[in-house]
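Guided by the hints, dock chain U onto chain A, whose structure is given.
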Amino acid sequence: MNIATAVELGHIGQEAPSSAVKAGPASKEILVGYGFWIFLLSDIVMFAALFAGYAVLVHATAGGPAGDQLFSQLTVAVETACLLASSYTCGLMSLAVGARRRAGFYFAAVITFALGAAFLALELGEFAEMIAHGATPQRSAFLSAFFALVGCHGLHVGIGLVWLAVMVAQVAIKGFRPSVVRRLQCYSLFWHALDIIWVALFSIVYLMGVRP
Amino acid sequence: MSATHHQPAPVLAQEGPSHWLIYTTGLLVAVILTATSFWATNTSLLWAPGIPLGLAVLAIAQMGVHLVFFLHMTSGPDNTNHALALAFGVLVVFMVVAGSLWIMADLNASMMLATKHTNMPMHH
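Chains as they are written, first to last, in this note's numbering: chain A, 1 to 212; chain U, 1001 to 1124.
Keep in mind the hints are simulated off the structure, nothing from the lab. Hints are not guaranteed to be accurate.
Interface residues of chain A toward chain U, partial, derived using beta-carbon atoms under 7 Å [as the list claims (entries may be wrong)]: (1) Tyr34; (2) Ile44; (3) Tyr88; (4) Ser203; (5) Leu207.
Owing to the predicted nature of the structure, the values given are computational and were not obtained by experimental measurement. We put the CB at the ideal spot given by N, CA and C, even for glycine.
Isolated chain U, as found in the complex:
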């Protein structure tokens, strides 16, 4: 993001095949990551409790691959606005998802405690 030199945008016929190669590379990497996800779900070779975390990591990696190879996200100077907006979006997504899970888990724990207390006289 800190690169200061301006590269002239080449609009040449020669650019065609190189773009084609970017999409194809992205497709191949995405297929490999997807196949790994399906394999990890069904294998008995891996430590079972760690598999959901592994799936999450593979999903995030594949989203990154899609962003770079399909949506052409770069760290170049002409992409700073897009990258900043994306960073803000990721922050909001993280706060919504992690915040909801945290608050609801906390509420559930409190509710269980409350139920235990109110039921206490019934047991005696």
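Only chain A is shown next, with the shape it has when bound in the complex:
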């Protein structure tokens, strides 16, 4: 938008109305937010490739267990509830950051971290149980694709938890200075995007998988 404004200015020259001059280059906050948005979209494209691999290989069970024998709907429901609730508390966290309320920020961050950690613990428990029953990634193409897709999302959640811990430390040490607030803005985008990917995951992998 600013490029367009600059071009327009170049054409019109000195007679340009003052509104465009006042606009100037975009603030760092907007640029960082937009750059991170592009990164998130590239991440979603990577997940789309994993989803495509899973969708192609979902019936390639090689005589091994299929989704309806492996997935527990109760575990998936609790995982979904944890991640959705953590997405909500992450939203409340960014409101607390906007209002520069430290206590509210710490409270929301702790709840977001706890819910995210609960999600990750449930998922790792699910993986451990599947592997204990012989459903390892080596067993079939279906299981390779499953572990790659769901494991990649779990890895993102793990990275998000580390990032959140780092942000809490930064707020504690540096306070709400502009660079920290920008990082927190990116963090909330990241965490909400993970929940969007989980919506596709539980619908396509788990709910469509448990149906015989």
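Okay, now just chain U, sitting in the frame of chain A:
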């Protein structure tokens, strides 16, 4: 996206509760959509072959809800760049997923045909 009037960004304490309401509304709608998905998976009331399509529609609806209520995606003028990038991302996602499924289904069909042909002399 075509709105041309510029609204001044209000940075007021009064904005707090309204943002809170947006997140809470989003949470409620997302919970309803998720619950509907789980219900549709387990019910015997619906026509079974149509359920996967229904689940896909519910998932897309919920992603839209997350985008609008949690990521604050709007059609306002200051969001045009985000919306365009998102539209391009959705296009790439669609091409990767639909293209892979199409090509692999086609390959499978061709392979089956080839196997039938090579096995033909064995049967005689």
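Status of each hint after checking the structure:
For Tyr34 (chain A), the interface hint holds, the least distance from its beta-carbon to any beta-carbon of chain U being 6 Å, beneath 7 Å. Hint status for Ile44 (chain A): holds, given a least beta-carbon distance of 6 Å to chain U, under 7 Å. The closest approach between the C-beta of Tyr88 (chain A) and any C-beta of chain U is roughly 5 Å, which is under the 7 Å cut-off, so the hint is satisfied. A distance limit of 7 Å between C-beta atoms decides the matter here; for Ser203 (chain A) the minimum to chain U is near 4 Å, and the interface restraint holds.
Proximity of Leu207 (chain A) to chain U holds as hinted, the smallest CB-CB distance being about 5 Å (cut-off 7 Å).
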